[in-house]
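Visitor: I would like the entire structure built from these sequences, with the hints used as guidance.
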Amino acid sequence: MADTGENFAAFNSRALVEMVGGVTDEALKVTKIKQFLSVLAGRFFNWAGRKSLFTLHLGIKCCAIEMAAAATPRFDGDRFGVLFRSSPRQSDVLLVNGPVSKKFADKIVRLWEQMPEPKYCIAMGECAISGGPYFQSYNILEGVDTVIPVDVYIPGCPPRPEALIDGFGLLREKIIRIGGAPSSERESEKPLIVGDE
Amino acid sequence: MDDAYDLRGLIFDLVDKTIPPLLEGTPLEESTGQLVFGLATFAVVNIVFLMLFFSQFAILWIERKAVARMNDRRGATTALRSLWVGENGVTAGEWWNMLPFGLGKPVGAVNKWLNKKFGNRDEKFATVDRVNNRSWMGYSIFPGFFQNVADGMKFLLKEHMVPQRADKLIFEVSPFLIVSSTLLILGIIPLSSGIYATNPELSILYAIAIFGIAPIGVFFAGWSSNNKYTLIGGIRSAAQLTAYEIPLLLTLLSVAVLSGTFNIIDSVHFQHSAGAWNLFLMPLGAGLFLLTMIAEVERVPFDMPEAEAELVEGWWTEYGGMRFGMLFMAEYIRTYAACFLFTHFFLGGWHLPFQGLIGSIPLVGGLYLLIPGAVVVLLKAWLVFLLVFVWARFSLARIRTDQILEFGWRILLPLAVFQLVLSAVYRLYLFDPSAMDDGTYGGTSWDALGVPFLIPAITTIIWLGIFFLMLNDEDKSGNTERMFHVYTDKPAGTYVPGQE
Amino acid sequence: MAQMWITMGPQHPMTHGLWTLRVKVDGETVVDTEAELGYIHRGVEKICESRDFTQVTPYCDRLCYVSAMTWANSYIYAAEDLLEADVPERAEYIRLISAELQRLASHLMWLGAFGPDIGNLTLMTWCMRDREMFLDLLQELGGSRMHYNYPRIGGVKRDIPVGFADRMIAKVKLFERRIEEYEMMLDESTIWLVRLQGVGYANAEEMVEAGVSGPNVRAAGVNYDVRWAHPYSVYDEVDWEPAVEKPTSVKGADCYDRYRVRMEEMRQSCRMVLDAIEKIPGGKNTNYANGDEMIYQKAPTRAPEGATGFSNYECTRGASQFYVKGGGDGRGKNPYRLSIRSPMFITIPFVAKTMIGYKVADIPAIMGSFDPCIGETDR
Amino acid sequence: MSNLGTTVTLSQNEAAANDCLAAINSRFSGSGVVASVERHSNAKKYAFVRITTPPQHWQALAKWLRFDLGVNYCSMVTGTHFPEGPQERGWEVAYHFLRQPITDQLPNTHTVYVAEKLDGRLIPMEFEVLIPLENNDTPTVPTVQHIWGGADWNEKETWDLVGIKFEGHKNMFRVLNPHDSPEGFHPLQKQHKIRYHDHNEMYDDAQGFGRKPADEGRIK
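One line per chain: the protein sequences are A, B, C and D, in this order.
Residues in the first sequence are numbered from 1 upward in steps of one, following the numbering used here.
Residues in the second sequence are numbered from 1001 upward in steps of one, following the numbering used here.
Residues in the third sequence are numbered from 2001 upward in steps of one, following the numbering used here.
Residues in the fourth sequence are numbered from 3001 upward in steps of one, following the numbering used here.
It should be emphasised that the hints constitute simulated quantities derived from the structure, not laboratory data.
No residue lacks a Cβ here, since even glycine has one placed at the ideal position from N, Cα and C.
Examples of chain D residues toward chain A, derived with CB under 8 Å:
no.: 1; residue: Asn3177
no.: 2; residue: His3192
no.: 3; residue: Arg3195
Now the stretches of chain A that chain C is said to cover, found in silico as 3 or more residues with beta-carbon under 8 Å:
no.: 4; stretch: 62 to 72
no.: 5; stretch: 96 to 104
no.: 6; stretch: 154 to 160
Lysine-lysine pairs mimicking DSS-like chemistry, simulated, CA-CA at most 30 Å apart:
no.: 7; chain 1: D; residue 1: Lys3044; chain 2: C; residue 2: Lys2333
no.: 8; chain 1: C; residue 1: Lys2284; chain 2: C; residue 2: Lys2157
no.: 9; chain 1: C; residue 1: Lys2333; chain 2: D; residue 2: Lys3190
no.: 10; chain 1: A; residue 1: Lys174; chain 2: A; residue 2: Lys34
Guide: This is the structure we're talking about:
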């Protein structure tokens, strides 16, 4: 017992911290409090993430007018937490509301890369989905999904503001499922389509 | 008069009773006093800060609701009516029908009558059917109240981005500079004479000094983001705040001169014991204080630093995630602190209006005096926020930079000096120190010629007259070419609301 | 401060669309500007060469997203010039009414976008709110909120529904009151005046030299309006006056003049539709079936090689012109060449040069007062 | 009915058009410049002046129109490609001009034109100038950028889309197509076909998910 190599003085603080941490961790695991806390925090943050969707104030074409109409008193998207910010750093949703031309393609990719994760992309209107009436044009990409992964498609030319709000509702349901996963990790997620049965 | 609810004294007594017996015989015994003070102060500070923080959600909520109503209907000019009269008689959930025993029926009747009287006369063309049911399972108490909570928590989740070529150290530091200096303001703001974190002797100077720190952080943020918008925003902010600090300081100096102290709580006490609120003694000072404070907290019409139209988001364009959330919160804390300071300097703090008169009524007066001072202060602060900050923000346009600076230097500064002289004259020649009384009824120091409240009444009437003159001085005959020069059959501005 | 270039756009609150304004500033003063367009160039002219004359109308709807009806009418007049179609008078009246309602909606959209430029957020929601009234009216005609595809070559798609006249009169009379509310809020606000008056001067001859037209020129004091210079519909039969402005300086019209002239145009449009709905032949509460000769006369669908059609139309932003060549597709079913003249395409470079010498904070005021619309600019 | 906005009558319009025609013929007779008075066949059947000029006379004609005839507004420039056209008309440039009674204003005044009292140059009039070009690969026409400011960006656009060179045009660049478009790519020339021009691949993928643009490599 004399020379087991252990003595009280050699009991350093890191070991103490590890021991205490392990004990509390075990205690939390045994009493299920850890699981409870993690589930609770996940629920709360998921709620927060889907209740406040700041949208980038980007007006490309016709649908931009319906986007503005959706924010005004008759439709009032603000009651769903849809708020428009002018800076991509502070926005969660990139609402592509118009055709993406060759000249604008790299710009919109840059806007998408400037947005912090978790970020979502909504393709609003036929032009953003497939090129729409201009699918034959020499200067228009066939849909924004050729350059940006799209989460929700809102068909219509232009879709009514109710459809836009419905699209945000679909995005909420998707966020309930995927949580705050970054856009690179949800390539497998099938995009949702408004009005799709 | 001290507030009846002395939370601070209560907690100090509690700690003083509980702690010393525990320390009997321990080596800590000789430092009992410090320990008691530390623990009690810790408790009080926590309580006060929690009260301030949770009541701040009400600020954001009030702004959202008021703005929704203003934008719904007539806009700022008549929006306050539509705060209680809903859109076409539709309020956000007919909450009065949810009260038990039909207690809310009279409210509903009054609402209906108000709608018939003042509501839109064009229900059948009404193009806005604002969704009237934001309730949760039928209960719509505080609809939309927790939206701000969701926003704040979402910011916690967001990725933290620093621009590649930004000056990373300063970029990271400046939000904390702004937020910490803003939080320090709340330390000296009393909720009543018994509920405050700390009460330094020169708290007015302290408040102004702290208010002056955040602009440095703003300038750092604008410069370090390596973005031209933020750079212009930061420089604008520096120039504007320099121009508006000085009138603010002079206005507060005139307040201090009038009330003879540099302490916020003492100035509130003075207003009561002298018999009249400062608002009625220096309306000009109150107006200057509000103007300069709006410029200090950078809200419309003085929000050049974050002018959304030309500078994308102003000096915080590059901030995202929780940094942006903290900056956003700091903005509103500054606004809230400005409302509190106005309440304490000009609206008599925690003293009820006509406390002496109504308090002297038997029965009712006693109940009236039972209203806690903290509630009075909060209500006054929210009212100031609603009537001044929100209303101005959503009814006015944005002024250009050079116009802002010219206004500050050429108009506000001389007016502030004039107000300082005026308050000195009031204090020296019109003030009767012998008549001060710190009782329930307040003093009568501002009586003159035996007429009660003569000086405040005359001052208010004079300033209201000047305000009215300046309101209607626009020389229609002088600038007919400007106002009425469109080739039209009906000139502009001839519409009288309420007339068909 | 040293001079530096600031790139505003393509995503910027000032641009009202997708384009880039490169500004060289010295401190807060604008020294030089460059405009760059083409971010939503769709090649409509190329696509229309493979569509027949009826299929072109939806593309013309989508040229300008806030005044679809006027652009569709503009193309329809060019096609009628090419195909030599006759239009019944009731259809002309309906076109006039629809175009003027669209003009009201478009000017409201302009005012709503102009408010945030100056910093007044309430104006946006007010205008969008009142715009919904006219969108509902146009929806009764065209069936959609924005893109109606309503006029046809030789008439209109369908007649005005029963009860449309009463609803329209009620809403327009209400809106005349609302205009006075706007003026009560804006014209009597000193901040609004000091932000707009004396900013962005542009005089008439410079603007005409540069190709600017429409309300922007009328704001400079000259009442040149296609609707009386080359009248194309029944504008000579209804009661109206071109809105003309008195500029207060030799330097021409400033932002306030342009704001005033558009407010006045809204009044005149109200006056016009209120008069036209009374004078409409066939009665305002009768509804003719689709294809009835009161509202539609069948037009030839093929144009020979070499035939050309040209229309000069007072759109909401100026004179919009179409130049159509027949004989495409070998059999003359398609236009061989469809050329579109957009007023904003010529105006925007001029406005960019107008900003030189003013402050950075004036850029949105000047740009917004000219009412840019990028959909018709880039085509 | 007020004194503003009464319209120009057809007789005024006809007379003004004939005056312009006579002036043009007296000035440019026998130089290959052919002018005629045409009528629109749409709404009000208004008359306009159509001029056909060879490109070498175009600048002289333009100066004369601008400064002598008071044609102060260049509204649109249209270039057309006729691959199968005759040798002398393989390309065509069509200018459209308006004569607007625009004058600068003294302060606090506005001009109220009473249309019945208008005469001479104050009567609004449309002009259409057609310039046929040789059927070769480098169609060239002298610019009028320095005569009408409004022609500046119109000519830029015409060169960008159709590929007609305006010699003497200063600061010519692509206004609508991307700056990195290949040299000589002018989409409105007839040899360029639109995507899916033979209507086959259109209906393969209705949702358009799997479809990638033909020019995917050029972006990003």
